[in-house]
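**Q** So the protein sequences, as listed, match chains P and X.
Using our numbering, read the first sequence as starting at 1 and increasing by one per residue.
Using our numbering, read the second sequence as starting at 335 and increasing by one per residue.
One or more hints might be untrue.
[To be verified] List of simulated lysine-lysine pairs, DSS-like, C-alpha gap at most 30 Å:
hint, chain 1, residue 1, chain 2, residue 2
1, P, 107, P, 321
2, X, 493, P, 245
3, P, 119, X, 562
4, P, 278, P, 91
5, P, 164, P, 144
6, P, 278, P, 68
7, P, 194, P, 144
8, P, 223, X, 493
9, X, 616, P, 245
10, P, 223, P, 278
11, P, 119, X, 493
12, X, 362, X, 562
13, P, 245, X, 562
14, X, 493, X, 358
Calculated directly from the structure, the hints in this document are not laboratory data.
What you are looking at is a predicted structure, and each value in this text was computed from that prediction instead of being measured.
Here are the chains, one letter per residue:
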Amino acid sequence: MKKFLLAASAASLALAASMGVAAARDQIQIVGSSTVFPFTTAVAEKLGQGGQFKTPVVESTGTGGGMKLFCAGVGENTPDFTNASRAMKSKELETCKAGGVTPVEIKVGFDGIVLANSKAGAAVDLTKDQIFKALAKNVAVDGKVVANPYVNWSDIDASLPATKIEVLGPPPTSGTRDAFVELVMDAACQEEVKAANEKGCGEIREDGAFIEAGENDNLIVQKLEANTNAFGIFGFSFLDQNADKLQGHKVDGVEPTFENIASGDYGVSRSLFIYAKKEHVGVIPGMAEFIAEYTNDAAWGPEGYLADKGLIPLPDADRAKVAEEAKALKPFGS
Amino acid sequence: MTDITAAPLPPGRTPSIHTDAAAKSRLKSRYGAEMRFRWLGAGAIGLAALFLLLLLSTIVTQGLPAFRINSITLPVNLSAVPADPAARAGFDYAGVVNDALGAKFPDVTGRQERRLLRGIVSTGSGVILRQQIENDASLAGKTVDVQVPLDDFADLYFKGLLAESAAPQQLPGVTVSAASGDVGVTFSDDAIARLARSVGAIEAEGGVLRLTSGAASLLLDVGGGTVKLTEVGPGNMAKGTVYEALDASVSTASPAVLRTITTPEASRKITDREIVWLDRLKADGAITSGWNTIFFTSGASREAELAGVWGAVVGSFLTLIVTIAVAFPIGVAAAIYLEEFAPKNRLTSLIEVNINNLAAVPSIVFGLLGLAVFLNFFGMPRSAPVVGGLVLALMTLPIIIIAGRASLRAVPPSIREAALGIGASKVQMVFHHVLPLAMPGIMTGTILGMAHALGETAPLLMIGMVAFIVDIPGGFTEPATILPVQIFMWADFPEPAFQQKTSAAIMVLLGFLILMNAIAVILRKRFERRW
Numbered sequence: 001m002k003k004f005l006l007a008a009s010a011a012s013l014a015l016a017a018s019m020g021v022a023a024a025r026d027q028i029q030i031v032g033s034s035t036v037f038p039f040t041t042a043v044a045e046k047l048g049q050g051g052q053f054k055t056p057v058v059e060s061t062g063t064g065g066g067m068k069l070f071c072a073g074v075g076e077n078t079p080d081f082t083n084a085s086r087a088m089k090s091k092e093l094e095t096c097k098a099g100g101v102t103p104v105e106i107k108v109g110f111d112g113i114v115l116a117n118s119k120a121g122a123a124v125d126l127t128k129d130q131i132f133k134a135l136a137k138n139v140a141v142d143g144k145v146v147a148n149p150y151v152n153w154s155d156i157d158a159s160l161p162a163t164k165i166e167v168l169g170p171p172p173t174s175g176t177r178d179a180f181v182e183l184v185m186d187a188a189c190q191e192e193v194k195a196a197n198e199k200g201c202g203e204i205r206e207d208g209a210f211i212e213a214g215e216n217d218n219l220i221v222q223k224l225e226a227n228t229n230a231f232g233i234f235g236f237s238f239l240d241q242n243a244d245k246l247q248g249h250k251v252d253g254v255e256p257t258f259e260n261i262a263s264g265d266y267g268v269s270r271s272l273f274i275y276a277k278k279e280h281v282g283v284i285p286g287m288a289e290f291i292a293e294y295t296n297d298a299a300w301g302p303e304g305y306l307a308d309k310g311l312i313p314l315p316d317a318d319r320a321k322v323a324e325e326a327k328a329l330k331p332f333g334s
Numbered sequence: 335m336t337d338i339t340a341a342p343l344p345p346g347r348t349p350s351i352h353t354d355a356a357a358k359s360r361l362k363s364r365y366g367a368e369m370r371f372r373w374l375g376a377g378a379i380g381l382a383a384l385f386l387l388l389l390l391s392t393i394v395t396q397g398l399p400a401f402r403i404n405s406i407t408l409p410v411n412l413s414a415v416p417a418d419p420a421a422r423a424g425f426d427y428a429g430v431v432n433d434a435l436g437a438k439f440p441d442v443t444g445r446q447e448r449r450l451l452r453g454i455v456s457t458g459s460g461v462i463l464r465q466q467i468e469n470d471a472s473l474a475g476k477t478v479d480v481q482v483p484l485d486d487f488a489d490l491y492f493k494g495l496l497a498e499s500a501a502p503q504q505l506p507g508v509t510v511s512a513a514s515g516d517v518g519v520t521f522s523d524d525a526i527a528r529l530a531r532s533v534g535a536i537e538a539e540g541g542v543l544r545l546t547s548g549a550a551s552l553l554l555d556v557g558g559g560t561v562k563l564t565e566v567g568p569g570n571m572a573k574g575t576v577y578e579a580l581d582a583s584v585s586t587a588s589p590a591v592l593r594t595i596t597t598p599e600a601s602r603k604i605t606d607r608e609i610v611w612l613d614r615l616k617a618d619g620a621i622t623s624g625w626n627t628i629f630f631t632s633g634a635s636r637e638a639e640l641a642g643v644w645g646a647v648v649g650s651f652l653t654l655i656v657t658i659a660v661a662f663p664i665g666v667a668a669a670i671y672l673e674e675f676a677p678k679n680r681l682t683s684l685i686e687v688n689i690n691n692l693a694a695v696p697s698i699v700f701g702l703l704g705l706a707v708f709l710n711f712f713g714m715p716r717s718a719p720v721v722g723g724l725v726l727a728l729m730t731l732p733i734i735i736i737a738g739r740a741s742l743r744a745v746p747p748s749i750r751e752a753a754l755g756i757g758a759s760k761v762q763m764v765f766h767h768v769l770p771l772a773m774p775g776i777m778t779g780t781i782l783g784m785a786h787a788l789g790e791t792a793p794l795l796m797i798g799m800v801a802f803i804v805d806i807p808g809g810f811t812e813p814a815t816i817l818p819v820q821i822f823m824w825a826d827f828p829e830p831a832f833q834q835k836t837s838a839a840i841m842v843l844l845g846f847l848i849l850m851n852a853i854a855v856i857l858r859k860r861f862e863r864r865w
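Work out the full structure, taking the sequences as your base and the hints as a guide.
**A** Following this line, the structure appears as structure tokens:
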């Protein structure tokens, strides 16, 4: 027993000693948005399959969390790329610059945010205005700002079904929620609400009509299957992969399809980005090759493998421009 | 009793308070209460068992399909592979697999169609072929049968999870105008029109029913090929597109088989064309269903058919080794000192209270501690099992100390006194007599602590172990992930095949937990001593 204990404590000491010296990193580290995660992982795997480099490690930390880690500084202990479901904010760029980091922005594609329900439920054609009225915390009725009085969809417009407003959506920590608020709620905000409270446009009702369903979009899909009257808000890739169970609603008369989002006709879509750390290119092996793999038409093109995963490609001219700038490592914000 | 009855009774009381009506009803209500409690208890157990059964049966029924995989065996011509391994960099291995598949369907020539055909084989087929050639260099230059997995959607189709189809119907007299391209089809009666109407065909002018992608698909096997019907009517006429070339046009009425795929093409992730190809390959015997070894031997992947749990199992193993190497010696030493040597004073009781509190701290707090201390202060690598192990060791330490102290306390004082009485020193008494007797209890506590650590994800979120890692970790400082994290990530992927993988991985994790708990039970039963 004594020997065993001695051996065990010796082993733990040896372990503790070995940990201090971390070997030079030969593997790319990527952090950031959970929306871009499914695409970046696919590219990372392809790079690893080439056999030349180790497969990059991709963490899903959320856009904001990723920016914080990415901008913390230069060195082996900081990530090389960050995924973002929105562009870098000027404040974040300042932090980056203060840390000596030169970010290189690469716009990789679009993601549509869809409103969908079960195929067994009614298909409806909504306008952004109607969505705002259904989900805002405060709305204007007869020129006065009041707490949202609408209970059924038909209360907003007689053409809509006479079912209870029940929408499952992402929590405020999610990038999808930020984008939804920006693209729909802010865009369709009523003058009276805006005048009453500058921030009021983004406030979503808390009386049970909007249900925060967590970050896991699969969970929303399952709940929609169970409750045919409920609507869900999530990324296009989940609608695409669950086309047998769900139908996407038209927004302002445009159906959420691959083609409509790619062409920019569908109004509720956002750009997805990755940011590379210029200082690490040439130091961490494989970074230039990773950028080349991502900005290759076999990956992000209309027929690339990322399109199969649900990424909506940029128009041809934009792709060529972004690829060129990425290759030249053009610093962001210059 | 007699004393009581002899005593003067208050007015309105009968002589025996134990037998009167009020007593009987009291007794009845007491029995009733007991009975209700028993039923409630049994009901609670039943309900708990029901939920457990429901949970397990959902996981098992969803996860079982993931343990099998459909693969395709293709004769691949490897004559183009350079004999010199150094010259193979950049060789298109996936290309030769696709050529072999294309050779099976020489009619498929269009670019879009060839792309669709390529899609039925896993995109990892090139990597699998490369590994086979690297393992056996003699393959280069020959034509060999290579087995590669099907794409996840094709795999799901064969598992019956993607498209529902009705039973095939035998039709007696069918003619087809041509062997390929767009064709006219005649039937012996107009039953086909009724069928088309019932599966959601759209009425058009002139009694024509149009079968769009929103209706069920009607596939007609006739004359050695397959025709997909696009329009039915008027009467017993129909139009279709040949998906698989017929031997020749069918001018005399011949028997045919009509297959109905009830899930409309628009709402499934597999097209009619792919279904025709896959069924042909299946009929040729090229597709076989087998035990999914990939699931148990490979790491994570974005392609469901290539994803496995082995990377996560190795990661969990490395993490737990670090955890046990750190937590066990420190925990046991702390328990021995506190129980056998430490003076009983304010300081030690303060420590004791703190250890008990530490056992109840939410695990995410340990993750934050790990981030602040191990990553930011000591500069250890992100996503490494050594850091994960240390964080989990901090988390399990209080559990081991508490279990260790309880087991040491359970050893009777007579053993200690006897050892001291025959002249043993205190250290000898502890290490020769008390500790061996307490060991089964300590081990049980440790294994349960380890099982707890095996199921944790929250503390690892902060130190970067919740990550997509393809390579199997080879050491304590290489990036790794663990089983519960793998489950969490698969549950979040949109592809339906990952839902089955999630349940299958849960079954693997449950297997490990049951194994660890069984070891704990066996240790307790075998070595436990009662006094």
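**Q** It remains to establish, for every hint, whether it holds in the given structure.
**A** Evaluated hints:
| no. | hint | result |
| --- | --- | --- |
| 1 | 107(P) with 321(P) | 10 Å, holds |
| 2 | 493(X) with 245(P) | 18 Å, holds |
| 3 | 119(P) with 562(X) | 25 Å, holds |
| 4 | 278(P) with 91(P) | 19 Å, holds |
| 5 | 164(P) with 144(P) | 24 Å, holds |
| 6 | 278(P) with 68(P) | 16 Å, holds |
| 7 | 194(P) with 144(P) | 12 Å, holds |
| 8 | 223(P) with 493(X) | 24 Å, holds |
| 9 | 616(X) with 245(P) | 28 Å, holds |
| 10 | 223(P) with 278(P) | 43 Å, violated |
| 11 | 119(P) with 493(X) | 23 Å, holds |
| 12 | 362(X) with 562(X) | 76 Å, violated |
| 13 | 245(P) with 562(X) | 24 Å, holds |
| 14 | 493(X) with 358(X) | 66 Å, violated |
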